[in-house]
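Q: When the count follows full-length UniProt numbering, it moves up by one through the sequence shown with no breaks and lands on 195 for the last residue.
It is worth saying that the hints were derived from the structure and are not from the lab. Bear in mind the structure is a predicted one, so any value in this text is a computation, not a measurement. Treat each hint with caution, since some may be false.
[Said to hold, decoys possible] Keeping only pairs whose Cα atoms sit at most 25 Å apart, straight-line, the calculated DMTMM-like set for lysine to aspartate or glutamate is:
hint: 1; residue 1: Lys181; residue 2: Glu64
hint: 2; residue 1: Lys106; residue 2: Asp71
hint: 3; residue 1: Lys36; residue 2: Asp48
[To be verified] Distance windows between CB atoms, simulated:
hint: 4; residue 1: Lys41; residue 2: Val65; range: 19 to 29 Å
hint: 5; residue 1: Gln37; residue 2: Phe92; range: 34 to 44 Å
hint: 6; residue 1: Glu105; residue 2: Pro61; range: 17 to 27 Å
hint: 7; residue 1: Glu122; residue 2: Thr162; range: 30 to 40 Å
hint: 8; residue 1: Lys38; residue 2: Asp151; range: 30 to 40 Å
hint: 9; residue 1: Val42; residue 2: Thr162; range: 31 to 41 Å
hint: 10; residue 1: Phe111; residue 2: Lys181; range: 21 to 31 Å
hint: 11; residue 1: Val42; residue 2: Asp167; range: 32 to 42 Å
hint: 12; residue 1: Pro22; residue 2: Leu175; range: 13 to 23 Å
hint: 13; residue 1: Gln37; residue 2: Leu59; range: 38 to 48 Å
hint: 14; residue 1: Lys36; residue 2: Lys163; range: 14 to 24 Å
hint: 15; residue 1: Pro185; residue 2: Lys163; range: 14 to 24 Å
hint: 16; residue 1: Lys38; residue 2: Pro61; range: 34 to 44 Å
Ideal Cβ positions, reconstructed from N, Cα and C, are used throughout, including at glycine.
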Amino acid sequence: MENICMNARSFVKPLLHAAKYPHCYINGVFLAECPKQKDGKVVLEIKDCIPLFHSHLTLAPMLEVALIQIDAYCQCNDLVIAGYYQANEVIFDKNPTNITYRIAEKVKDNFNEAFFLMIDNERLADDDGENAYILYNNYDGKWKKVLIEKDVIDVAQTLIQTKAFRDVIDFDNHLTDISLKWHNPQINEQIEQCI
1 MENICMNARS FVKPLLHAAK YPHCYINGVF LAECPKQKDG KVVLEIKDCI
51 PLFHSHLTLA PMLEVALIQI DAYCQCNDLV IAGYYQANEV IFDKNPTNIT
101 YRIAEKVKDN FNEAFFLMID NERLADDDGE NAYILYNNYD GKWKKVLIEK
151 DVIDVAQTLI QTKAFRDVID FDNHLTDISL KWHNPQINEQ IEQCI
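Produce the complete structure using the sequences and hints provided.
A: Written out as structure tokens, the structure reads:
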């Protein structure tokens, strides 16, 4: 994949998820439209992300249930599961784990241009939120820059300061109370209002 372009939703929600559970491993998946050509380059446009878990990263049955539901949602909305994100439990640990690689491989099995990123917990509080992401892309063994829509860093900082992260619903929350919407329409609305 030549370029990965993240919109406000896909950039902000993982940071809010990490802010809501700073003491836990957290993870989620990115949803994209099928890759398109723009100015002669292939561009993967990440449209949204779905927060998955904050406590059960190693429970395969829960992950399978989540991915089946998300895949059905994607089919209804012409999207694909295109990437994976994770933040580790320990603030100084920003390295992928075996679980990270296994889940990323599962995503890649279903979407060849898949990527994953790690959230650097140390940098979440920095003024420059862009540096909180460490991208891993398996395309030709080269790192590719994540393009970020204008002003989304400011949106992320605003929503973290207003404690909007308290409203993030991940799949763990949904499994506890199925009336909670794991695709986070309320967060999406707050993000859109900030743009």
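Q: Under the constraints set out in the numbered hints, which ones does this structure not fulfil?
A: Hints 4, 7, 8 and 14 contradicted; others consistent.
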